Amino acid sequence: MGWHPQLGVATIRALLTVDPEQADRELRQVRSSRARLVDAFDSERARIERDLHDGAQQQLVQLTMRLGLARTALPQEHPAYADVAAAHDQAKVLMEELRRLVRGIHPTTLTDRGLPAALEELAAAQSIPVELDHRIPPDLPRAVQSSVYFAVAEALTTVAKHAGAARVAIVGQVAAERVSVTITDDAHGGARPGPGTGLSGIADRLAAIDGTLAISSPAGGPTVVALDVPGSPV
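Position in the sequence shown (from 1) plus 4 gives the number in this note's numbering.
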């Protein structure tokens with residue numbers, strides 16, 4: 005049987021015709037699936053953080069304390085003093101590195117007290133002054149809180165490594181069920197979210213929950229990193 009032009013056109017039209025309701029349902033399903041994946045990932049990060057905090061970190065704290073007591077008990081002229089002192093110093097360094105690792109995986113404050121407290125802790129931990137002004141409630145969905153926190157953390161890390169800024173301002177708010185946060189530094193500008201950079205990583209993370217990232221960084225500065233995410237479950 006040969007190809008019938010009218011049948012071919014009808015078939016093509018049928019294939020190209022999109023049912024708006026079906027497309028909307030499929031889009032909601034994709035968004036829900038993506039939100040579940042993000043939530044599962046964050047739950048796993050929180051579990052790893054708890055295991056490290058309650059297990060390895062506590063054991064290292066106890067070891068450091070025992071080495072400190074042994075160091076205090078030994079006279080400095082004792083043959084073992086130098087080795088005990090070196091082991092004590094190394095244990096303290098390892099304990100601080102493990103604490104940084106635990107905070108990087110999923111900070112306890114974010115889990116226990118929510119995004120506002122975690123942002124305040126993050127701002128206080130920076131090596132340059134950070135002015136934080138936010139009106140963000142502590143009861144946002146977990147995936148939203150985690151995504152915003154790590155986006156801000158990555159932006160601050162980028163500033164500390166590359167910007168040469170003297171100070172940073174963070175402003176956050178929730179309006180019309182959207183969370184918006186801007187991070188502004190007073191450095192020389194020129195920031196670009198190229199492939200493999202921290203800024204591109206922020207954009208990818210936010211996109212997973214239908215969030216967006218915008219960057220303004222003219223030569224001479226300032227650099228403004230603005231993120232916007234849904235304030236309710238996707």
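Treat the hints with care, since some could be wrong.
So the derived label-pair ranges between C-beta atoms look like this [stated by the list, open to error]:
hint, residue 1, residue 2, range
1, Gln63, Asp93, 16 to 26 angstroms
2, Asp208, Ala129, 33 to 43 angstroms
3, Met99, Ala128, 15 to 25 angstroms
4, Arg70, Ala212, 36 to 46 angstroms
5, Ala179, Gln63, 43 to 53 angstroms
6, Leu136, Gly59, 39 to 49 angstroms
If you're looking for bench data, these hints aren't it; they were derived computationally from the structure.
Note that this is a predicted model, so its numbers are computed, not measured.
Beta carbons are placed, not taken as given, at the ideal position from N, Cα and C, and that holds for glycine.
Please list, smallest to largest, the hint numbers that this structure does not respect. 2, 6
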